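**Student:** Take a look at the letters that make up each chain.
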Amino acid sequence: MLHLERMKGEEENREAKKNNESYRSGRLENLKVSVSVFIANKTALAGLLIFIIFIADALIVQFDPQLIGIQSPNLLVPNFQNPIPLPPSPEHPFGTTYPGIDLFDGIVKAIRIDLAYSFFVVAVGASIGAIVGIISAWAGGMMDEIVMRLTDIVFSIPYLILALAVGFILGRSLWHMSIALALTWWPLYARYARSQTLSTKELTFVEAAKAGGVGRGMIMFKHILPNVLPPIFIQISLDLGSIVVIFSTLAFIGFIPNADIPELGYLTSLGLNYVQTAPWAVIFPGLVITVFALAVNLLGDGLRDVIDPRRRS
Amino acid sequence: MKLWAYVVRRLLLFIPTLIGLTFIVFILSHAGGNNLVLAEYINPRLTGEARTLLIQKLTEEFHLNQPLYIQYFYWLYQVLQGNWGFTTTPIFSGTVITAIDLFFPNTAMITVVASVLIWAIGVPLGIYSSVNRDSVGDQVLRVGSFTLYAMPIYLIAVALIIALGVYLKLIPFSGVVNPILVSDVSWYKNGISYPTHIILIDSMLHGAWQVTWDSFLHLILPSLTLALATVASIIRILRASMLEVLEQDFIRLAWSKGIPAKLVYNLHARKNALLPVLTLYGVTVAFLLGGAVVVETVFSYPGIGYWTTQALLNNDVGGIMASTLLFGLILVTANLALDILYAFVDPRIRY
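Sequence lines, in order, name chains Z and A. Using numbering that gives the first Met the number 0, the letters of the first sequence map in sequence onto residues 0 to 312. Using numbering that gives the first Met the number 0, the letters of the second sequence map in sequence onto residues 0 to 350.
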């Protein structure tokens with residue numbers, strides 16, 4: 000009798016192993032499909048390429064600025080002997096802006112700062128938002144109602160103006176600007192995470208797990224989270240483009256006080272008074288932001304195709 | 000649910016939002032101690048003993064010695080009385096209420112013109128894009144709106160300035176009017192026109208048609224920038240929703256009845272496709288208001304937004320707090336109006 004049972008157990012074990020293997024190979028297969036779907040999307044690939052170039056720029060300036068001949072990565076280098084903007088030339092590939100700052104040098108440094116702070120905003124905003132959103136959808140009832148009213152209230156002020164006011168109270172600096180943006184941005188992620196969690200909660204496999212007697216916490220971590228987190232990450236990657244744009248917009252309207260900080264919006268504002276005689280001084284820094292935002296949006300669209308099973312076929 | 004019941008429910012929901020909005024502004028100005036409140040409410044022209052007396056009076060009036068949740072009600076009482084404090088910026092110094100009275104009409108003007116432009120540009124392009132799906136025109140529009148969507152507003156403004164103002168020399172791009180034209184008229188003083196404060200309307204009231212034309216030219220670039228910054232998302236939403244509507248049974252029925260294409264698109268499909276655009280218009284309003292701050296700054300257009308950035312640059316609490324509260328009030332009211340309008344247009348929403 001005992002023997003028989005042991006045999007049965009071994010059999011089950013073997014079966015489980017087999018299932019596990021096929022599951023694993025299924026995963027690999029899955030990854031292959033994902034990669035091929037992504038590669039088939041040429042624009043997304045281009046977005047990825049541009050994104051990598053920007054990241055590489057930021058990393059080089061961070062770790063080995065001498066490699067591309069950058070002296071002071073945290074400061075713009077003004078040249079008061081010749082403050083009027085000069086047109087692009089071999090010496091200054093993007094020209095110069097007021098007061099005699101080499102735009103190429105400034106932009107290369109600024110990309111690191113813009114990217115780093117925007118990553119911070121998105122990471123903090125998304126963590127707060129995702130946690131609040133998932134918990135409120137999971138708990139439901141009163142808690143959910145309160146959280147949603149709270150996000151409603153934060154949404155009742157245009158985010159640019161709210162961020163401006165919060166940053167003003169904290170004091171005008173780059174750090175405070177990003178903290179203000181994170182504080183005003185999280186409700187967006189909270190809403191998104193909540194709706195994702197709610198719709199996943201209603202799906203059949205969650206119901207099946209419930210019927211099978213799986214515990215609440217187990218359902219949350221094993222069944223719901225793995226399905227909810229990927230779309231949230233996609234949303235985050237899409238938002239990086241918007242955040243960089245808003246970040247530079249705040250800097251452009253004068254959020255960071257006059258200091259020689261290499262920041263793309265600030266660089267643009269330096270050239271604003273010379274727009275009639277030196278259009279390059281505003282076009283180049285602005286264009287760099289647009290290209291980055293565009294690349295991130297394309298990348299995000301491609302990733303969404305990968306995640307969304309309906310679009311994979 | 001009856002329509003009026005829905006409206007009443009929506010109005011009741013408006014109250015907690017208003018409380019929350021005012022509470023945010025209150026916390027921003029009060030949480031860091033009394034300095035900001037005093038900076039906001041003390042007339043900057045007062046000095047010496049008068050100032051000390053006023054500080055005492057304000058501490059009493061706003062109950063600044065008591066806990067925050069009690070202060071809130073006294074602050075709210077003052078705000079409801081119209082006591083919004085003082086502002087000191089290079090473009091205006093005086094009470095906040097006067098500043099709003101002077102600057103708000105200009106902001107209203109460009110946002111309204113921009114909204115009209117958004118519908119005038121966005122709806123035809125969105126419909127065209129979906130009807131001629133995957134055609135060259137559609138591809139161009141999609142790439143164009145995608146790029147526009149990624150551009151910071153100030154870059155759109157600068158691009159328009161360079162293209163239309165600097166190279167073609169078509170349109171002026173700074174201020175509301177050519178100052179030479181209004182240098183010796185009685186109804187224009189210190190950059191502010193009377194009585195409505197919108198120079199376009201004032202000049203018409205006074206019969207100065209040359210000024211009207213000039214101020215109209217000055218209005219084009221700010222509103223166009225604001226419209227272009229927003230129109231991309233409208234085109235995208237409209238295209239998607241139109242494509243969805245065109246798949247539905249009642250459209251197929253219309254086709255099978257032999258109704259001409261023009262009627263199917265314009266009569267059957269468009270009305271239904273516009274509904275999602277209307278729901279998402281609240282987001283657009285928020286974007287327009289935020290955009291107004293940037294646009295007015297770039298074009299030195301004397302509206303609330305320009306005043307806000309001037310307040311930011313000059314560490315003026317009154318200006319920042321007042322514009323936060325004002326923009327918030329406009330946004331929540333606009334959302335309320337849109338929700339009610341939406342219930343009128345689409346009976347399904349009431350259930």
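Hints listed in this document are in silico derivations from the structure and should not be mistaken for laboratory results. This one's a predicted model, so the numbers in the text were calculated from it and none came from an experiment. Virtual Cβ for every residue (Gly too), placed ideally from N, Cα, C. Hints should not be assumed to be uniformly reliable.
Covered by chain A, according to a simulated footprint, are these stretches of chain Z (three or more residues, beta-carbon under 8 angstroms) [said to hold, decoys possible]:
#	segment
1	81 to 88
2	121 to 129
3	241 to 254
4	271 to 280
Here are some of the chain A residues that sit facing chain Z, going by a computed Cβ distance under 10 angstroms [claimed, not checked]:
#	residue
5	5
6	18
7	27
8	28
9	148
10	167
11	182
12	185
13	285
14	287
15	324
16	329
17	331
Pair by pair, the computed Cβ-Cβ distance ranges are [what the hints assert, rightly or not]:
#	chain 1	residue 1	chain 2	residue 2	range
18	A	69	Z	170	24 to 30 angstroms
19	Z	37	A	133	18 to 24 angstroms
20	Z	61	A	133	41 to 47 angstroms
**Student:** Using Cβ atoms only, decide whether residue 329/A comes closer than 10 angstroms to chain Z, and label the hint accordingly.
**Tutor:** Cβ of residue 329/A sits 9 angstroms from chain Z, so the hint holds.
**Student:** Using a Cβ cutoff of 8 angstroms, are there at least 3 residues of the segment 81 to 88 of chain Z near chain A, or does the coverage claim fail?
**Tutor:** Violated, because only 0 residues of the segment 81 to 88 of chain Z bring their Cβ atoms closer than 8 angstroms to Cβ atoms of chain A.
**Student:** Grab the minimum C-beta distance from residue 185/A to chain Z and call the hint holds if it beats 10 angstroms, violated otherwise.
**Tutor:** At about 33 angstroms, which exceeds the 10 angstroms cut-off, the nearest Cβ of chain Z leaves the hint on residue 185/A violated.
**Student:** For the hint on residue 287/A, just tell me whether its beta-carbon gets within less than 10 angstroms of chain Z.
**Tutor:** Where the cut-off is 10 angstroms and the nearest Cβ of chain Z is about 8 angstroms from residue 287/A, the hint holds.
**Student:** Would the stated hint for residue 182/A survive a check requiring a Cβ distance to chain Z of less than 10 angstroms?
**Tutor:** Nearest chain Z Cβ about 23 angstroms off; hint violated.
**Student:** So, as I understand it, the hint says residue 167/A touches chain Z; can you test that by seeing if any CB pair is closer than 10 angstroms?
**Tutor:** 13 angstroms, violated
**Student:** Once the shortest beta carbon distance from residue 5/A to chain Z is found, is it less than 10 angstroms?
**Tutor:** Nearest chain Z Cβ about 18 angstroms off; hint violated.
**Student:** May I ask you to test the hint 18 to 24 angstroms on the CB atoms belonging to residue 37/Z and residue 133/A?
**Tutor:** 22 angstroms, holds
**Student:** Was the hint right that residue 18/A lines chain Z, CB cutoff 10 angstroms?
**Tutor:** For residue 18/A, the interface hint holds, since the closest Cβ of chain Z sits about 8 angstroms away, which is under 10 angstroms.
**Student:** Taking the beta carbons of residue 69/A and residue 170/Z, is their distance inside 24 to 30 angstroms?
**Tutor:** Once the Cβ atoms are compared, 27 angstroms apart, the range 24 to 30 angstroms for residue 170/Z and residue 69/A holds.
**Student:** So, residue 27/A near chain Z? Judge it on the closest CB pair being under 10 angstroms.
**Tutor:** 5 angstroms, holds
**Student:** Given residue 285/A was flagged as interface, is its beta-carbon under 10 angstroms from a beta-carbon of chain Z?
**Tutor:** 4 angstroms, holds
Hints 1, 2, 5, 10, 11, 12 from the earlier list are contradicted by this structure; the remaining hints agree with it.
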